[in-house]
Amino acid sequence: MKNMGKKYTDLLFQKTKEIPTEVPLEKLEQMILNFPIAPIPTVESHWFVKLFNLKYIAMTILPLMAVLAFLLVPEQVETTASFSGTETKKIPETPISFFEVSPINETETLPPSVPGSPPAADKDTRPKRLFQKEITPDLPVSQSALLDIAPIQSQPVDSSKLNITNKKQEGEHHIYPVFNRLYPYSDSSPVPFISSSRLKKLRRDLYKNFISDGILINKGVFVEMKLKPDSIIVNGHLIPVDFYSKYFALTSIVGVGPDRKIKMSRKFILAGDFGRFGFEGHGVGTFKEALLERDPELSILLSKGEEIHFDESTIKEITPTRTIFEKENDALISFANKIQYKTPDDSGRKRLFTPKLNEKKLTTLHQELTILLTEDNFINEENEFAIIQLPKNTIRVNGQILTGEQFEKYQQLIRSYRIKHGRDRMILRSTHYLKVGNYNYGNFTGTIITLPFEE
Amino acid sequence: MSKIKQSKFLKVYQSCHEPFLRYCSALTYGKMDCEDLVQDVLLAAYTHYEKIENKDQLLHYLLRAARNRSVSKFRKQKYKATLLEKHTKRLVAQEVPADTILEIQLLYKTLDQLPEKQKDALILFEISGFSMKEIAAIQNKSEGAVKTNISRGRQKLKALLTAKNEWFAPIFGTIKSITL
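For the protein sequence lines, the chains are A and B, in the order given.
Take the first sequence: its letters are residues 1 to 455, numbered as in the working numbering.
Take the second sequence: its letters are residues 1001 to 1180, numbered as in the working numbering.
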């Protein structure tokens, strides 16, 4: 009793283990033998009770009431403007500009300025601030595409919640909502004041949307966004038409203009006019050095004060690369699963912590591995995948155990990156992926790098 | 047919009895009658015996069922004097010395002050006698997590017992003198 430390705790546990169980086995055996031989009958409730219990009422009646209420409430006047047509030709490349429409009736379907529209009857002359897309005559869109125009949205757009979908009606109609811009009247709007927090939010939103739309692969990419009155160009690529409205709304805070741009990277964001006299606008982050390093255009502007002409002929539509990456990832995983299934090996300690490799190290590891694997003919034009398993004291590449010099070569490389052997420890390599960590039939914990896609 | 089922169930249960009962005793101490819980769990296991795919893992099933019932039924209850008496009487009936009973009850009470995870892991490891690997399988956790819970639980238990020692020491002394 004197020593109440570890020994006493152990002693207590020991005593607890030694005493007989609270209920003896014989008693419980008797209990089990007295269990009902026939299956225990369940109480069958009446069908009415079954049907109209509280759960049923909660799950059906309330949603039904909600739907009924929605239907019975007088329908509000729709204020979303949209163009629809029977053909969906190359609208994406169409230059679009905004202009003020003459006073328009809410029920009116088409402003008279749009070619091909039926004459509007009984115009309401109440002034209304509305903006419509003007489509130039050389559009590759049929006139029928402009017949049905729904009423126009008069409420401001919530950019954060905006999610434009490419709805298809009969005959593959595209609907292009038109949004109120802050500065839609002129070709160039004054540089607005944007606070640091709003700039940061803008950068966050833009990267998030670029990645979700497949325009960018990761957040590490430097982005130059040109906000022209009629188009948005990202890194020299015209934004696809499906995303126009969204990005117009997202960047409305910055405005438009011939020199209006957003330049951003992980470290900074700059929004304003990049004109002949330099940059006029607002920015957050450590952008000066970064820009001088990464943006030759700005460095020249800063040094010489000259205007640099951007070659519009290089503009082309962005092809979403996300699908390509997803396919490659799926193929890599299925390949790894096959290899793991063929060569199961759980020798070695299960490592709780995966190796810490930063982006730079992973990139160099990918390069070095590619060279080694190509030399040893583990990867070639037909097979771009390599699965390097690292169980205890073994290296297995694509299921093949390495020996002698080959083993030493790979071991040295792996050691130089401080990657330890262990159960499920694996390196998965494809053209655009490198995964280092613990892999077990689709479950991966570790570090992944996605290398940029080169066209 | 059901007699066969009973005998099969009984055969499998015999190997589970000791760790299962020890776990239930520690779990229910002072809050619920251990026998009630055991009966409840055993009846459920027996009813669904056909549905248990891996019959070797009946013990895991029983432990999990006991724990779930304990959580839903009596976790937040206070100690009941009648149940404490019942527990003492049962052990006395099996000729367990009084001071040992007191020490065990002290341990159970102290265990109840630990966080659920640590308490559970500690009971399974120290009292029911499972290995870390087995506990990890029962609790659907990694061995590392179990190890951590046990280690932290032990530390806390040690601290609590040391604190309680000052209060309990004279009582232990008295009981020992009586029994001797």
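Read the hints as simulated data drawn from the structure, not as lab findings.
Incorrect hints may have been included.
To be verified - DSBU-like cross-link-like pairs, simulated, lysine-lysine; straight-line CA separation at most 30 Å: (1) B:K1055 with A:K27; (2) B:K1119 with A:K350; (3) B:K1158 with A:K17; (4) B:K1141 with B:K1158; (5) A:K350 with B:K1005; (6) B:K1011 with B:K1109; (7) A:K7 with B:K1109; (8) B:K1011 with A:K392; (9) A:K7 with B:K1147; (10) A:K6 with B:K1031; (11) A:K6 with B:K1055; (12) A:K15 with B:K1086; (13) A:K6 with B:K1156; (14) A:K27 with B:K1031.
Here the structure is a predicted model, which means the values were calculated and not measured.
B:K1158 and A:K17: Cα distance at most 30 Å?
holds (18 Å)
Are the Cα atoms of B:K1119 and A:K350 separated by 30 Å or less?
Measuring from Cα to Cα gives roughly 26 Å; hence the hint holds.
For the pair supplied as a hint, B:K1055 and A:K27, confirm whether the alpha-carbon distance does not exceed 30 Å.
holds (22 Å)
Pairwise hint evaluation, B:K1147 against A:K7, where the allowed Cα distance is 30 Å at most:
holds (19 Å)
Between B:K1011 and A:K392, is the straight-line Cα distance small enough, at 30 Å or below?
Between B:K1011 and A:K392 the Cα gap is close to 41 Å, so the pair fails against 30 Å, i.e. violated.
Hinted pair, alpha-carbon criterion (30 Å max): B:K1141, B:K1158. Please report holds or violated.
holds (24 Å)
For B:K1011 and B:K1109, compute the direct alpha-carbon distance and say whether it is at most 30 Å.
Between B:K1011 and B:K1109 the Cα gap is close to 33 Å, so the pair fails against 30 Å, i.e. violated.
Holds or violated: are the alpha carbons of A:K27 and B:K1031 at most 30 Å from each other?
holds (22 Å)
Between the alpha carbons of A:K350 and B:K1005, is the straight-line distance 30 Å or under?
Violated: A:K350 and B:K1005 sit about 40 Å apart, past 30 Å.
Distance restraint between A:K7 and B:K1109, which requires alpha-carbon spacing of 30 Å or less
holds (19 Å)
30 Å Cα cutoff - pair A:K15, B:K1086:
It holds: about 19 Å lies between the C-alpha atoms, which stays within 30 Å.
Does the alpha-carbon distance linking A:K6 and B:K1156 stay inside the 30 Å limit?
This hinted pair holds, its Cα atoms lying about 11 Å apart.
Hints 5, 6, 8 and 11, counting from the list given before, are not met by this structure.
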